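**Q** Chains as they are written, first to last, in our numbering: chain A, 1 to 299; chain G, 1 to 432; chain X, 1 to 280.
Don't read these hints as lab results, they were simulated from the structure. Keep in mind it's a predicted model, so treat the numbers as computed, not measured. C-beta: ideal position from N, C-alpha, C; glycine also. Honestly, I wouldn't trust all of these hints.
Here are the computed distance ranges between Cβ atoms for each label pair [as the list claims (entries may be wrong)]: (1) S56/A with P119/G: 33 to 41 angstroms; (2) I121/G with S56/A: 34 to 42 angstroms; (3) A288/G with L119/X: 51 to 59 angstroms; (4) A138/G with P88/A: 41 to 49 angstroms; (5) A280/A with P104/X: 52 to 60 angstroms.
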Amino acid sequence: MAERLLPAATSRSRARLVALCAGPAVLFGLVTLIGPLVAVVVLSLTDYRLGAAHFSFIGTRNFVALAHDPVFRHSFANTLLYSALVVPASTLAGLGLALLIDARPAMRAFYRTVHFLPVMAATIAAAVVWEFMLNPSLGLVNLLLAQVGIAGPRWLEDPKTALLSLALIGVWQSCGFNMVLFLTGLTSIAPQYREAAAVDGAAHAWDRFWLVTWPLLRPITAFVVVISVIRSFQLFETVYVITGGGPQKSTEVLLYTMFSEAFEFFRTGRGAAIAVVFLALVGTLTLVRFWLFADRSPS
Amino acid sequence: MDVNARRTRIKQMAALAGYGAATLVGAGATPALAAQTELEMLYAFPDLFRAAMQSVAKRFMAANPDVRIVFRAPAPQYEQVLQTVLRDAVAGTQPDIVEQGLNGIRAVSDQGVAVALDPFIAAQKDFASRGLNPEMLAAGQVKGRTYALPFAISLPVLYYNAELVKRAGGDPAHLPTTWDGVIDLAKRINALGGGTNGLFYAWDETGNWMWQALVFSRGGTMLDAAERKVAFDGAAGQWAIAQLARFVREARMPYLTHLAAREQFAAGTIGIFATSSAQLGAIQKIVAGRFALSVGVYPDLKPGVSRLPSGGNGLMVTAKDPARQRAAWRFVEFATRPEQAAEVARLTGYFPPDEKAGALLADFYRANPNFAVAVREQSFASAWYAFPGPNGLKIIDVIKDQLESVVSGRRAGDPGQVLASMAAQVQRLLPQ
Amino acid sequence: MKIRAPRRLAGSIARHLLLCTSGLLCLLPFVWMLSTASKPANEIFSRHLHFLPQHFAGWRNVATVFASVPMLRYLANGVVVVALIFALQLAIALPCAYVLAKVPFRGRRLLFGAVLFCLMLPPQAVAIPQFLLAQRLGLIDTWWAMALPYLVSAFGIYLLRQYFRTIPDELLDAARLDGFGEFAIVFRLMLPVSLPAVTAFGIFSVTTHWNEFFWPQIVLSSPDKLTPPLGIAFFRNEEAGTDYGALMAAAAIVIAPLVLAFLLAQRRFIEGIALTGLKS
Chain A
1 MAERLLPAAT SRSRARLVAL CAGPAVLFGL VTLIGPLVAV VVLSLTDYRL GAAHFSFIGT
61 RNFVALAHDP VFRHSFANTL LYSALVVPAS TLAGLGLALL IDARPAMRAF YRTVHFLPVM
121 AATIAAAVVW EFMLNPSLGL VNLLLAQVGI AGPRWLEDPK TALLSLALIG VWQSCGFNMV
181 LFLTGLTSIA PQYREAAAVD GAAHAWDRFW LVTWPLLRPI TAFVVVISVI RSFQLFETVY
241 VITGGGPQKS TEVLLYTMFS EAFEFFRTGR GAAIAVVFLA LVGTLTLVRF WLFADRSPS
Chain G
1 MDVNARRTRI KQMAALAGYG AATLVGAGAT PALAAQTELE MLYAFPDLFR AAMQSVAKRF
61 MAANPDVRIV FRAPAPQYEQ VLQTVLRDAV AGTQPDIVEQ GLNGIRAVSD QGVAVALDPF
121 IAAQKDFASR GLNPEMLAAG QVKGRTYALP FAISLPVLYY NAELVKRAGG DPAHLPTTWD
181 GVIDLAKRIN ALGGGTNGLF YAWDETGNWM WQALVFSRGG TMLDAAERKV AFDGAAGQWA
241 IAQLARFVRE ARMPYLTHLA AREQFAAGTI GIFATSSAQL GAIQKIVAGR FALSVGVYPD
301 LKPGVSRLPS GGNGLMVTAK DPARQRAAWR FVEFATRPEQ AAEVARLTGY FPPDEKAGAL
361 LADFYRANPN FAVAVREQSF ASAWYAFPGP NGLKIIDVIK DQLESVVSGR RAGDPGQVLA
421 SMAAQVQRLL PQ
Chain X
1 MKIRAPRRLA GSIARHLLLC TSGLLCLLPF VWMLSTASKP ANEIFSRHLH FLPQHFAGWR
61 NVATVFASVP MLRYLANGVV VVALIFALQL AIALPCAYVL AKVPFRGRRL LFGAVLFCLM
121 LPPQAVAIPQ FLLAQRLGLI DTWWAMALPY LVSAFGIYLL RQYFRTIPDE LLDAARLDGF
181 GEFAIVFRLM LPVSLPAVTA FGIFSVTTHW NEFFWPQIVL SSPDKLTPPL GIAFFRNEEA
241 GTDYGALMAA AAIVIAPLVL AFLLAQRRFI EGIALTGLKS
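Next comes chain A alone, as it looks inside the complex (with noise of 0.2 angstroms):
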């Protein structure tokens, strides 16, 4: 760095300066986040239940009994599930809609517009308005599935069916923000790459997208494939407000579990060893995130 004028003009000042800006939120930072942190790993060792006046260190008993506990093998292997369906089909999504919205410029902002609608809904409301659409006697789909003669499923109440519903949902709400990413990530690539191509003979629209496009999609693709991991591991608000983890506990997720044991069942030990859980799947997506780019540091 060349030789500038320096903030404050003698280090105590600039220490101060420091001090005052950054200091609240490093201590917040601190109480709300990093405490909370180290809090919940320390909980998921006892055996503290929410509201008693003692508890005890057990250990890593709350981890043993969750390898063990059919729910909590459920859960996890369905948050899986869940993500497994999810990802690629609203990533594919987006991927699609971005490439035919870019295409060509006709109504391009009407297009984004409507597929990112879905996104703007809350949550909980989409949840309530997708839960009556999939009535298996008055829902939309049904009604519908029923004017080409076929007998649609149960649904939400068909343990065969309920997570794919709720995977369903699930892409609806998330293909747009994908699209949006993925629109931002071809609009950077500059048009003369893909004219260039095209005069060296990549006539085709295919032909182009494999040569060009796509290899300068990738590392988006690959940001996007992680968020969407993430994001569907966050999975809470439509099993609480629909399923409530049913039926059978076909629906029930890591998050969901979480909550009931720690606030429905009052065993908060428990629900601390599963948000530790959590956290180690979530963090261990971030490492491979971090390994695969790691020469994408911040700008």
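Starting from the structure of chain A, add chains G and X where the hints point.
**A** Same frame as chain A, but now just chains G and X:
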């Protein structure tokens, strides 16, 4: 530029303050009464109780202008009332009065949140004249101390769609009194076709209530006398789970939640609906005269052997401050008076726990025989059981899951196995 | 570039067809919501597929919502809460981002690393201790409790810091020569100059916290403090699932503000998302 920025921030702050002030004013907007005590009350089952609660509160406030009753967002079921009270208790922000399911009174008092009502009762001169059933009073007691005044009581009954019964060859005036009879009737209703189902048994009622009904009606209990070992896997429990399997396999009971089933019963596509007598008011409203509704007794009740879990709730005082506790007691005492109890009974389907209210309702019961069925079962009433220990709430969930595996049809062919795994899981969750 | 007209037209039509179909799918729930909200009960239960009501019952359904739950109060609460949260977030994040971007000091890298770390932290994982903290501080059922987990927005700090770094130092030097104190620089210079980033931050914050359910559900209980999403859950319990018309009307009332805001300020929203996406 900086002037604009400052203006923007001032505008933001002003707007914030404005909204804040407006909301505060809105929240506190009551006619200026000096020293008015405001009590927060939390109740459950708004679809059943809302009208009754508001009526009782209105009458109370008319007679006691120095106390204002404010209702919290009602809980869907009793479990959520319990959770809210316990959750809020640590910070001391719990509601002042709660309507707690009879199976949850113990949990609230164990945590030291509930106020013992015995001193208030002793000071109440006319309390004994209410004719409160001793069993009912006992339902609100824990270890001999009263923590809840029973407010509204219910027992399991069977609702019949009289038209479907007639079409199936039955007689709405002589409804079956045995499960065999009920299942037989259900099969005949199934045979009517047109997508009608014969029977629905509300397996997912809060707190495993209808499961306890099956077991208790056969003379069984949940745990042994020492409350350390599972007892519902005995003969009574085996019969109970076998019955549930029969409902699914023979009577072709549909796999629904009890709320969805209520909808279908009211729409006329389910013939027999076994659930709480408390639902009567709500069901009548939803049926809206579409068909004649008949209520029948819970089947296979044997005097001296059978018991039934008392559903319903009691009112508890959970206020912290002694002055508020006294005000809360005034409401609790008022709400459980015979006149109010009779009003609640008329609006819901619950029946009052005391004889005086029962007497007030004699004409009502004569004119509305459906409401009187549960009252006739009173001699079989016993406590709604709550499992001891820190995992009590989890146990309810575990049992419900097991019942669901039968009701969904998945394990309806092997009820014995389901009962065994239920017993094993619950045993593991009991305090050692 | 040689363009072949027929292929171009075919491609164009195909694109429109596909996008219209997918657009319809995206809009279908909204359409169904409004359609049901405007129907009376007998039409809803008729099992006959029709979008337009025979008898318009929309106002009646809306009236039911407002009569059953204080929806207006909830909407007002929502506004207060998101405004409060964003104001606090901005007040804390702005100076912090400034020193991270423009003031070299020992431990700056550590602090920035901590910000990045907190960025990765999923908020729900620490909800249990945050709840206990709010309990201990006696903040349960207050709006301060609503703001507690979000006071320090790692996202906001990160976004603003990245943006600040693009502001040339010369601007700051000139300001200092003019006699601006450091605080003046932060609030009277940096804030206005980085308005796009602040707006993006604001949009992100407002959208997230208006739509939020998990944390408010844990800390709020008084009926007059509920926010719109909690209001819907409350209303759903009240009706126990029988009055679908009113339920859809309630959903529409809660969704409407953000959707309207979005439609009016689309570019800002989308730019905001793009900004956040790119910068991460």
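**Q** Please go over all the hints and tell whether each is borne out by the structure.
**A** Hints, one by one, checked against the model:
1. S56/A with P119/G: 33 to 41 angstroms: Since S56/A and P119/G have Cβ atoms about 36 angstroms apart, the given range 33 to 41 angstroms holds.
2. I121/G with S56/A: 34 to 42 angstroms: 38 angstroms, holds
3. A288/G with L119/X: 51 to 59 angstroms: Hint holds: Cβ distance 55 angstroms, inside 51 to 59 angstroms.
4. A138/G with P88/A: 41 to 49 angstroms: Taking Cβ atoms as reference, A138/G and P88/A lie about 60 angstroms apart, which means the hint is violated.
5. A280/A with P104/X: 52 to 60 angstroms: 35 angstroms, violated
Consistency with the previously given hints fails for numbers 4 and 5, ordered from lowest to highest.
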